[in-house]
Amino acid sequence: MNNSKQLKMTVYTSLFVAFIAIGAFIAIPIGPVPIVLQNMFVLLAAIILGPLWGLACVGIYLLIGLAGLPVFAGGTSGIGKLFGPTGGYLLGYLPCVFVTAGISKALGKKLSTDIIAMVIGSLIVYGAGVPWLKVVTSMTFEKAVAVGMYPFLIGDALKIIAAAFIAKTLRPVINL
Amino acid sequence: MASLTPFSFRAGKSALHLLDVRCKFFIICLISMTMLKASLPAGFLYFLILMFLFKKAGLNIFSTLNSIKYFIVLLFFVFAARAFSMKGDMLFSFYGMSITKQGVNEGLLVAFKFFLVMLTGIIFSATTKPSCVKSAVQWFFKPVPFVPEKRLAIMISLSIGFMPVIALQARLISDAGKARCADLEKNPVKKIIHLVLPLLKKTFLSADNLVLAMESRCYSDDRTDPEFTPSGKEILFLAAGFVIALSFIYF
Amino acid sequence: MPGKIIEIDTVCHTFADGYKGLKNISLSISKGEFIILAGKNGSGKTTFLRHLNGLLLPDSGKIMVNNKNVSNNLVRTRKTIGMVFQDADAQIVGDTVFDEVAFGLENLKFKRAKINKKVSLILEYLNLFHLRERNPSTLSGGEKRKIAIAGILVMDPEVILFDEPFSNLDYQGTIQVLKTIIDLNRSGHTIIIATHDIETMICEATRIIIMEDGVIKKDGKPHDIVKHLESHGVKEPCSSRFGLGLQPWLP
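Protein chains in written order, with numbering that gives the first Met the number 0: chain U, 0 to 175; chain Y, 0 to 250; chain S, 0 to 250.
Just to be clear, a hint being listed does not mean it is correct.
To be verified - Computed cross-link-like contacts, DSS-like style, restricted to lysine-lysine with a CA-CA straight-line distance of at most 30 Å: (1) S:K216 - S:K39; (2) S:K108 - Y:K141; (3) U:K109 - U:K4; (4) S:K216 - U:K4.
Just so you know, the hints here were simulated from the structure itself, not pulled from any lab data.
Modelling step: build the complete structure from the supplied sequences, incorporating the hints.
See below:
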């Protein structure tokens, strides 16, 4: 990879780190519960940046949150948040971004295959987040799924469809 | 970013502000890790120390609590879940659910510890400049193989710089949408796309300009290291940190 | 006659999409000149400036800076020729004013003590020293532009390129930046400003170059060029239009 391309990826990845951080605050009013866009930016980072830069992107996001910069939901940060009740979702972004990017790349970055990749990626986030929530709060598994997964599924479906279209339009513009 | 992040850096001249960021970082990690084993009295003592440091650093504890109220609600759920689920001496019961003494104790302790770790994180964020955080991360990653720590530091800087720009653009785009009655749009997917797509296009364009600006200023991964300015009180704080950590483990 | 610093010989540039950005440009620039590169949007001004800084390389022809070919001496060129971009927000890398100005020197691997000294000197020279701990994105447009200039100036360039330096600036900001540019020229820097609005600085310029469709249409002293501006899509200054000659814009 030549220097110029590498610098470009460095800057784009940093941009997505910022989007993931800001995504915790950008809410779109749909129905009674506004949907928050953070996980959509993680999925977009995956299908636009690819597996390695995507992984770096989420890694840096978690790192700066862990290091005390207020980038987690609610303007919080630190170990307390990362290992708190909702920490599993945050850590789940790591395998999510890698797997989503890998599938998207392997299947040829088409609209339909991107949607499949992002659905699998979202499930990974819940796979990490829900058991974590269960352990930390000592809820039953059914209860953890009921509060930590079901309420978000419709919003996720909307976000995945939107992300697929966004990626399709954005790719030629940023010319990677 | 100020409006988004209640715990961002507040300028000041307290001992915590001036403390070498690497030292501060190490103490925070030490305390947060050992907190898991802390007992209630040790935790309470640490809480008092934290309150003292909050005051010294010029932070208002009440506005801080107010800004983490959602986290506190979450902690209440953590407490409730423990209180209901632990087996032990029953305090009272209703509708077949029972609250036990052990459960209440355990729930209180867990919630209190999360709360303390949270406050510790807040005081670190509030007394440490983002650029110092970046330098510390770079320093700690220096011995780690396969991590280009200097590029990592630049990426942290850049993403911190992008955040207010994105937040501002998001507001402008959303206002521009409202001015053209975007509120009437009922399709949620379109709603998302109409906000996010222009936002991404616009910021990627300015990212392209940034790439050029960095190139024109001779950007290279091989750069001058950051400098650290110890305040002279590092040994004192380190010792105090160890004492607290030990008290968590043994009391 | 002072020495030539930049010599451009039949340079052409075609973009990836087939658009011809520059067509057979030839000219030379002497030390200490104050050049306005005028032309309407899309005339090739920015493309031309980016060639001088080595951000774009010619497809044919060559550019020599201090008798060295730009294409083979990128770092040397970028040290000699600094570039201030149009969008001041997009070129901020550091999270404090001090770090932002130090960025270029860090890339060149200067020693930390030397960096601190040089950055402090430049900040004092431009009256920005009191802002050194501030976050650049919270400053006014004029201050941001001056910080961008400081970030270039700290690398001791001989030539400074400006791309629309007054866009989005209010009256005060324009005055601040214009005065800074004039001072830089008096202290011996060669200045090249690309703009479609020449009124603010036509009195200070020693030479105007008009570009249109990637070609140089006119090149000469302001007095000789001023009446040809409008036929190439650039607004003639009011004073000249009303027959008062060229009047200084600064009060």
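**Holds or violated: S:K108 to Y:K141, with C-alpha atoms at most 30 Å apart** = holds, 17 Å
**Request:** With a cut-off of 30 Å on the C-alpha distance, tell me whether S:K216 and U:K4 pass.
**Result:** violated, 35 Å
**Asked** Is the Cα-Cα distance between S:K216 and S:K39 30 Å or less?
**Response** Roughly 12 Å between the alpha carbons, so the hint for S:K216 and S:K39 holds.
**Request:** Please work out if U:K109 and U:K4 have their alpha carbons no farther apart than 30 Å.
**Result:** Within the cut-off at roughly 23 Å; holds.
Violated hint for the displayed structure: number 4, the only one.
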